[in-house]
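Trainee: Read off the chains here:
There are 4 protein chains.
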Amino acid sequence: MRVDLNSDLGESFGAWTMGDDAALLSIITSANVACGFHAGDPMVMAATVAEAKAKGVAIGAHPGFNDLAGFGRRVIRGDSLSDIEAMTAYQIGALQALATRGGHRVGHVKTHGALANMAADDADLARAIARAVKAVDPSLILVAMAGTEQERAAEAVGLKCAHEVFADRAYTPTGRLVSRSQPGAVLHDPEMVAARALAMVQAGAVTSMDGQVIPVGIDTICVHGDSPGAIAMAAAVKAKLAAAGVTIAAFSSWI
Amino acid sequence: MRVDLNSDLGESFGAWTMGDDAALLSIITSANVACGFHAGDPMVMAATVAEAKAKGVAIGAHPGFNDLAGFGRRVIRGDSLSDIEAMTAYQIGALQALATRGGHRVGHVKTHGALANMAADDADLARAIARAVKAVDPSLILVAMAGTEQERAAEAVGLKCAHEVFADRAYTPTGRLVSRSQPGAVLHDPEMVAARALAMVQAGAVTSMDGQVIPVGIDTICVHGDSPGAIAMAAAVKAKLAAAGVTIAAFSSWI
Amino acid sequence: MRVDLNSDLGESFGAWTMGDDAALLSIITSANVACGFHAGDPMVMAATVAEAKAKGVAIGAHPGFNDLAGFGRRVIRGDSLSDIEAMTAYQIGALQALATRGGHRVGHVKTHGALANMAADDADLARAIARAVKAVDPSLILVAMAGTEQERAAEAVGLKCAHEVFADRAYTPTGRLVSRSQPGAVLHDPEMVAARALAMVQAGAVTSMDGQVIPVGIDTICVHGDSPGAIAMAAAVKAKLAAAGVTIAAFSSWI
Amino acid sequence: MRVDLNSDLGESFGAWTMGDDAALLSIITSANVACGFHAGDPMVMAATVAEAKAKGVAIGAHPGFNDLAGFGRRVIRGDSLSDIEAMTAYQIGALQALATRGGHRVGHVKTHGALANMAADDADLARAIARAVKAVDPSLILVAMAGTEQERAAEAVGLKCAHEVFADRAYTPTGRLVSRSQPGAVLHDPEMVAARALAMVQAGAVTSMDGQVIPVGIDTICVHGDSPGAIAMAAAVKAKLAAAGVTIAAFSSWI
Numbered sequence: 001m002r003v004d005l006n007s008d009l010g011e012s013f014g015a016w017t018m019g020d021d022a023a024l025l026s027i028i029t030s031a032n033v034a035c036g037f038h039a040g041d042p043m044v045m046a047a048t049v050a051e052a053k054a055k056g057v058a059i060g061a062h063p064g065f066n067d068l069a070g071f072g073r074r075v076i077r078g079d080s081l082s083d084i085e086a087m088t089a090y091q092i093g094a095l096q097a098l099a100t101r102g103g104h105r106v107g108h109v110k111t112h113g114a115l116a117n118m119a120a121d122d123a124d125l126a127r128a129i130a131r132a133v134k135a136v137d138p139s140l141i142l143v144a145m146a147g148t149e150q151e152r153a154a155e156a157v158g159l160k161c162a163h164e165v166f167a168d169r170a171y172t173p174t175g176r177l178v179s180r181s182q183p184g185a186v187l188h189d190p191e192m193v194a195a196r197a198l199a200m201v202q203a204g205a206v207t208s209m210d211g212q213v214i215p216v217g218i219d220t221i222c223v224h225g226d227s228p229g230a231i232a233m234a235a236a237v238k239a240k241l242a243a244a245g246v247t248i249a250a251f252s253s254w255i
Numbered sequence: 001m002r003v004d005l006n007s008d009l010g011e012s013f014g015a016w017t018m019g020d021d022a023a024l025l026s027i028i029t030s031a032n033v034a035c036g037f038h039a040g041d042p043m044v045m046a047a048t049v050a051e052a053k054a055k056g057v058a059i060g061a062h063p064g065f066n067d068l069a070g071f072g073r074r075v076i077r078g079d080s081l082s083d084i085e086a087m088t089a090y091q092i093g094a095l096q097a098l099a100t101r102g103g104h105r106v107g108h109v110k111t112h113g114a115l116a117n118m119a120a121d122d123a124d125l126a127r128a129i130a131r132a133v134k135a136v137d138p139s140l141i142l143v144a145m146a147g148t149e150q151e152r153a154a155e156a157v158g159l160k161c162a163h164e165v166f167a168d169r170a171y172t173p174t175g176r177l178v179s180r181s182q183p184g185a186v187l188h189d190p191e192m193v194a195a196r197a198l199a200m201v202q203a204g205a206v207t208s209m210d211g212q213v214i215p216v217g218i219d220t221i222c223v224h225g226d227s228p229g230a231i232a233m234a235a236a237v238k239a240k241l242a243a244a245g246v247t248i249a250a251f252s253s254w255i
Numbered sequence: 001m002r003v004d005l006n007s008d009l010g011e012s013f014g015a016w017t018m019g020d021d022a023a024l025l026s027i028i029t030s031a032n033v034a035c036g037f038h039a040g041d042p043m044v045m046a047a048t049v050a051e052a053k054a055k056g057v058a059i060g061a062h063p064g065f066n067d068l069a070g071f072g073r074r075v076i077r078g079d080s081l082s083d084i085e086a087m088t089a090y091q092i093g094a095l096q097a098l099a100t101r102g103g104h105r106v107g108h109v110k111t112h113g114a115l116a117n118m119a120a121d122d123a124d125l126a127r128a129i130a131r132a133v134k135a136v137d138p139s140l141i142l143v144a145m146a147g148t149e150q151e152r153a154a155e156a157v158g159l160k161c162a163h164e165v166f167a168d169r170a171y172t173p174t175g176r177l178v179s180r181s182q183p184g185a186v187l188h189d190p191e192m193v194a195a196r197a198l199a200m201v202q203a204g205a206v207t208s209m210d211g212q213v214i215p216v217g218i219d220t221i222c223v224h225g226d227s228p229g230a231i232a233m234a235a236a237v238k239a240k241l242a243a244a245g246v247t248i249a250a251f252s253s254w255i
Numbered sequence: 001m002r003v004d005l006n007s008d009l010g011e012s013f014g015a016w017t018m019g020d021d022a023a024l025l026s027i028i029t030s031a032n033v034a035c036g037f038h039a040g041d042p043m044v045m046a047a048t049v050a051e052a053k054a055k056g057v058a059i060g061a062h063p064g065f066n067d068l069a070g071f072g073r074r075v076i077r078g079d080s081l082s083d084i085e086a087m088t089a090y091q092i093g094a095l096q097a098l099a100t101r102g103g104h105r106v107g108h109v110k111t112h113g114a115l116a117n118m119a120a121d122d123a124d125l126a127r128a129i130a131r132a133v134k135a136v137d138p139s140l141i142l143v144a145m146a147g148t149e150q151e152r153a154a155e156a157v158g159l160k161c162a163h164e165v166f167a168d169r170a171y172t173p174t175g176r177l178v179s180r181s182q183p184g185a186v187l188h189d190p191e192m193v194a195a196r197a198l199a200m201v202q203a204g205a206v207t208s209m210d211g212q213v214i215p216v217g218i219d220t221i222c223v224h225g226d227s228p229g230a231i232a233m234a235a236a237v238k239a240k241l242a243a244a245g246v247t248i249a250a251f252s253s254w255i
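Chains as they are written, first to last, in the numbering used here: chain A, 1 to 255; chain B, 1 to 255; chain C, 1 to 255; chain D, 1 to 255.
Don't read these hints as lab results, they were simulated from the structure.
Don't be surprised by glycine CBs; every beta carbon is placed ideally from N, CA and C.
Certain hints may be false.
[Said to hold, decoys possible] In the DSSO-like style, the derived pairs of lysine-lysine whose C-alpha atoms are separated by at most 27 Å in a straight line are:
| hint | chain 1 | residue 1 | chain 2 | residue 2 |
| --- | --- | --- | --- | --- |
| 1 | C | K55 | D | K134 |
| 2 | C | K134 | D | K55 |
| 3 | A | K160 | A | K55 |
| 4 | C | K134 | D | K53 |
| 5 | D | K53 | D | K160 |
| 6 | A | K53 | A | K160 |
| 7 | A | K134 | B | K160 |
[Unchecked claim] Counterexamples of contact, computed for chain C against chain D with all Cβ distances above 10 Å:
| hint | residue |
| --- | --- |
| 8 | M1 |
| 9 | S82 |
| 10 | P228 |
[Stated by the list, open to error] Non-contacting residues of chain A with respect to chain C, defined by C-beta distances greater than 12 Å in every case (computed):
| hint | residue |
| --- | --- |
| 11 | A23 |
| 12 | G78 |
| 13 | S139 |
| 14 | G147 |
| 15 | A156 |
| 16 | F166 |
| 17 | Q182 |
| 18 | A203 |
| 19 | G245 |
| 20 | I255 |
So that you can see chain A by itself, here it is in the shape it has in the complex (with noise of 0.2 Å):
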């Protein structure tokens, strides 16, 4: 058994800091790193290049609106097709330069925020994130969940696909993520999170709310950074899939 654990980081920028990057780069394997439009900038990518490299972390671009003010939380309607395209494969670029020029390389996409869940659900916003993703390096692996339009994109286009499970949150009996704004959606405590994550793991699957067992694959978990909480539950999952003898790495050593 192996699992990838990523996480979004590189989410600084200008004089504001946001998250524990060194922390998370300490315990993940892939690192979805920001690229200016929601979050980070030249020399935030630059510096988590360099991090990641020196702590043997995987890279990928971590594409999103480009809505500095709204975190890329906000949902944009208005955009072509094409212009997603655009400026997916621009995102893409930028971070492919700076780990060019760091002795590093982006080895898979995955899309932030409100871009993402739109793209979870929009087959052709899907389609139109996959297509640039394949323009720009047909090697990259898109990250997303097992079911989704994202997923189905990548196998449309003929792109890998690493399939991504969340340990810290609730599932619909559909295996869809629990909207944040329902209660029992987030779960907070750092042991039954790892708990589940390695469950999620052995079995295959993740659990329904209502406890149905729906199987997915798993090539990564997501864990998050942006709080000393957040560092200590992404701490205690890779502690318990390791007790278990689970092998942690990036998932581009299986893909």
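Given chain A, work out where chains B, C and D should sit, using these hints.
Mentor: Here is chains B, C and D on its own, set in the frame of chain A:
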């Protein structure tokens, strides 16, 4: 005898249009494409790449300060050299991805506006830019005026350099451009400018305001497209050169 | 009979020009000035204030989403109502200061683009905008189409409302604008549009695509200035109204 | 004896937090609120206004260059004086509207970062800023260090001026701040800084690094809130002053 004609384009942004890129792309052989920091956006860049490819025009990145409000013309001081490197790499990479997606290739880099003016005289800044260019792709050609720090930086880091002249600008006795604020700094008569362009190419030299002939490398002549008059001037320069038997081609074919 | 002619202007940004504001300011009686979020910048705003004052044109704030890249035309969801209030107040205040500095006065507010479209149908959003306007200056007049939530919100919070019609747009049987994506939604013939403007003012009503006459309040007709044809159409509307004895004046004189 | 304590706040932006404004607002008597150009956004400004009002703290506008990426600390050259005037007026007006909406009132203006540093020495720039302040509201008080061009500009255009000193910064023999790049330029010991603040107020003078006593007007002492240590230092300054019988109040009560 052969020379390239280059111009800055892709300078529209969102709903705002600038320049007549279509007309210009029928004249020039190398296009310097704005990368979204001082002008341009991913959609404009994608469209510019497509049009340049369709017309067989070589493309390069045209990085500037992140200053949309000032169009990259404002001098900005306070970035470290490594900040400048990161900004430069980011912009090149963004265009590279859009070029790859569009079946084209970024072959050169020419700095924009205040960044270019500052780098002409500041050896450390010029070196930082050259390092960034080389780190992203050592085969990239840096466009620079003979005698500037950017030319020296290209040589120092081991980048190929395309030497640029301006047919519509007056030169000082030291081979630098006369400041636009001086009378006579900018020439407006298309026939005179065209004749000057040909004379420069034939002599391998520029003539200063006070009549001194200054031998300089000449690979490319900068032309403009931001007004009907500018397009007519660019066309006049091209016609004059062609009539005299000068081969007009992208400098990438001999550098 | 009297009516106001309003138009959106001050939509240039930095080095980019949009519209022929000088021509338009010789035609219209009320100008809606972009406030730097979707278009415009402090310098453009200052110049617009000065030109409007010189030509005796009333000015209002034209707040939109903070979306330069999308010109405020993209629907953005995710801001709370108090966020919307703060954004609206910010933009009005910025223009007020430039108006005070220029010896002019902000007399009205008209929302822009996607914010306006959303507020036409969303009572909570419309109410938030109206609250912000009133909080900044309760004497401000809100420009809104009859029958929209913005009209109702103005009444609910106790703001005066200027009722707007569009002479160059087709209306649905419920008195709303036909979507631009429908055939026949936008009228292009200046004489037809001018005749329609006069008929609207004389009847105090708009006529829907299927011929129904819908009585509506009419204080102001929206005209455009983003092309030579638009300017000609605005001039034709004004000439037609004047020839029929309609007084053309800023709505602030009767509201 | 009486003195004001001022601090820069409202410097969060979107999802990014900066400083502990709540703690600072329990210490200071005048708050300089960022206006969205170098930091802050409409929502942060609205929240800052509300919190300042709740704690009885006077507020002023803190305009800077439109440079989020550089936090207003980068020197930007190329704007005309009328550009600077427009930018300054825009930012003041934006805060005024949010203050009016929040039942508070903008009483002063203090420039930020590079704009402040440049205006300390550049008479034309200082005059442009003072003109903008006066044009927007002639009752506004300009905060400036004694001996700077901003102080002279306030007098020249007829604005009231609040004289500012820094208890945690070393002074040159000419009464200017020692550059942060010099050793000893910034003092870090809270007790020493507090004692220095009291000595300044009692003497009506600052003491330079080489021991000269330079009489200066002192209306307000600048304190900081961007770290736990800074908050503790601000509290120590206040306690020391209060214990010595110095009245601590907003400068608007005597200027």
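Trainee: So S82(C) supposedly isn't at the interface. Is its beta-carbon more than 10 Å from every beta-carbon in chain D?
Mentor: Non-interface label on S82(C) violated, nearest chain D Cβ at 7 Å vs cutoff 10 Å.
Trainee: Would you mind confirming whether the straight-line C-alpha gap from K160(A) to K55(A) stays at or under 27 Å?
Mentor: holds (25 Å)
Trainee: Take the C-alpha atoms of K134(A) and K160(B), compute the straight-line distance between them, and say whether it is at most 27 Å.
Mentor: violated (31 Å)
Trainee: Does S139(A) sit more than 12 Å from chain C, CB to CB?
Mentor: holds (30 Å)
Trainee: Over 12 Å from every CB of chain C: does G245(A) meet that, or does the non-interface label fail?
Mentor: Holds: least Cβ distance 42 Å, greater than 12 Å.
Trainee: Compare the distance between the alpha carbons of K53(D) and K160(D) with 27 Å, and conclude whether the hinted pair is satisfied.
Mentor: Satisfied, since the Cα-Cα distance of roughly 23 Å is no more than 27 Å.
Trainee: Taking 27 Å as the top limit, are the C-alpha atoms of K134(C) and K53(D) close enough?
Mentor: holds (20 Å)
Trainee: Would the non-interface assignment of P228(C) survive a Cβ cutoff of 10 Å against chain D?
Mentor: holds (29 Å)
Trainee: Please verify that the nearest CB of chain C lies beyond 12 Å from G78(A)'s CB.
Mentor: violated (3 Å)
Trainee: With d taken as the least Cβ-Cβ distance between A23(A) and chain C, does d exceed 12 Å?
Mentor: Holds, because the least Cβ-Cβ distance between A23(A) and chain C comes to about 29 Å, which exceeds 12 Å.
Trainee: For G147(A), which was marked as not at the interface, is the minimum beta-carbon distance to chain C over 12 Å?
Mentor: holds (24 Å)
Trainee: For A203(A), is the shortest CB-to-CB distance to chain C above 12 Å, so the non-interface label stands?
Mentor: holds (35 Å)
Checked against the numbered hints above, the structure breaks hints 7, 9 and 12 and satisfies the rest.
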